[in-house]
Each structure stands twice: as structure tokens, then as C-alpha cells.
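Q: Here's the letter readout for the chains.
There are 2 protein chains.
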Amino acid sequence: MVKEIWNENISREEERDIFQKKISFPIGEKNPYGEFFIGQSYLAPVSTDQVPVFNVTFEPGCRNNWHVHHAKNGGGQILICIGGRGYYQEFGKEPVEMSPGTVINIPAEVKHWHGASPSSWFAHLAIEVEGEETSTEWLEVVTDEDYNKLK
Amino acid sequence: MVKEIWNENISREEERDIFQKKISFPIGEKNPYGEFFIGQSYLAPVSTDQVPVFNVTFEPGCRNNWHVHHAKNGGGQILICIGGRGYYQEFGKEPVEMSPGTVINIPAEVKHWHGASPSSWFAHLAIEVEGEETSTEWLEVVTDEDYNKLK
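For the record, the sequence lines run as chains D and B.
Under this note's numbering, the residues of the first sequence are numbered 20 to 170, in order.
Under this note's numbering, the residues of the second sequence are numbered 20 to 170, in order.
Some clues are possibly wrong.
One copy or two, it doesn't matter: identical chains are merged, so the pair holds either way.
What the hints assert, rightly or not - Using 35 angstroms as the maximum straight-line C-alpha spacing, the simulated DSBU-like pairs for lysine-lysine come out as follows:
1) K41 with K168
2) K40 with K91
3) K41 with K91
4) K170 with K41
5) K91 with K49
6) K170 with K40
7) K91 with K112
8) K112 with K130
Simulated from the structure, these hints should not be mistaken for lab results.
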């Protein structure tokens, strides 16, 4: 019989280690950009040559603040979900649910956020798209009021 | 009891449909570049904006010919295995086994091949790295003599 671990009182670190066994990419270290997130996220480099690719993992409830990838030309990000369940939302549009295989193109200058669902761990690869004069502008948090409408 | 489907006499198309259920990305259509492969491969676009990303699926025994991605600057490919088991080999080096989570940076001007193991289906994302004056030069096949040394 399968042990119903989800009914036990386990720590978030133990949950993280269980999620690590379910996904094929490293979870890595606590995200050094954590000040721009609500909840705990993790960051692991997947490719540091040619095109930078990172694996970003979010604990349940964790999401980044609204932000914009600025660029004069090119820039932005591509998200590729590789585990769990989460959301991507462009400002003024409905949230898009993400599960393994979901791919989201985020052009430069589009205000958006992404993160886990309230009840699931979530991981996506982030492909950093080359551009001229790139920068990221971090904006306001995704409020509990808005976020807690999501399942 | 789990039905031991791998002992039955099923077609490659049925095997492909079973593999599709195991991976999170579409297998897509028969690869239009099939003339440069031994065995059947499949190609599905995953991102057509910003940075082109494809999912490439190989039936057991399928591999592409030796080839070189030429570029004046930049170029090459990044491979990210998302299912099954296969190999990447740079000319003059030992083959590198690939399984889900394996990431390979292929700089421009490096002669190489990639493909399934003799006994497994295999799928990788291919990120096309932007470059100047890019082209792909297709060379000789990976001979059965060399390939059949692999497990």
C-alpha cells in the first residue's frame, strides 16, 4: 500500500526533497532573488553557455512579484514547465495554468508574474532570451486577494 | 498486475503512442529532415517565437548522421533530454549517455551526432542558438559498427 505522505505533518524541506525525486532537473539553492518573491523559491543553472537556462522551483503558494523584462531589442523569457502545477499571468489577462509541457513566450515589455498554484509545487525552465540593453523591473506583489482565487 | 507490453509483438507506431503518454511534450510529425537520419525520428515545434525550440523524438536505433552547425558568431544547439535514453557524441570523444535532465551544449563548428540508444525511445528539446550566417552541414552516417557498441 502506498504511504499517504501528503496527510502527514512533514516540513517544506521534506516536501522539496520528495518533489526533487519527481522531476528530472536539479532544484538547486534558495533563490538569491527571493526578495522579489512571496514564499520560498529555488534556482539551479541548467545551461550557462550559449543561452542561459535555469530551473526555477516554487513551493506551494510561492509566486514572484509582477515584473517586466525590458529590452531595446529581443529579450524576454521562455518558460517551459517540467514539473508540478502553477500559473502565468499577463497584466489585464486571465491566469494561464501551467503543467509539464506548457510553454509560455514572454516578450520584453510585458508586465506579468508566474508561480506555483496554492496547493502544488511547481518547476519551470526559464530560457533567457538575448537582447539589447536588457533589465528586469520588479513591481508590486501579487496580492493574496488575487492569488487566492486560484485553485 | 502490470501488463508486460514490451514482450508483445506491437508495432513501432503503437510503441510511439505509448512513449507519447510518458513524456510531457508533443512527438509531432515525421521529421522532414529524415534523409539525414537512420531510423524514424519525429519533430514538434515547442517555441516558434523568440528562440526556436523543438522536441525531437527518436525510435530505438534511430540517430542522426554526423553533422556540424556552422556559424560566423554564436550558433550551435542546446539539447535537453525530456524522455527515454540516448546518446550524444562529439567526434573524437566517447559517447555521453543522455537521460531526462541531461543538458548538452553544442557549440558551432563541433562535429557530432545524437540519437536513441539501440533499445530505447529517446526525446530531447533542441534550442536553436542564434548566430550569424548559420547553416548545418550533414556528413557521413554513424555506422552500425560504431553504433552497435552502445547499450
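Q: Taking the numbered hints from earlier one at a time, note which ones the structure violates and give those numbers from smallest to largest.
A: 2, 3
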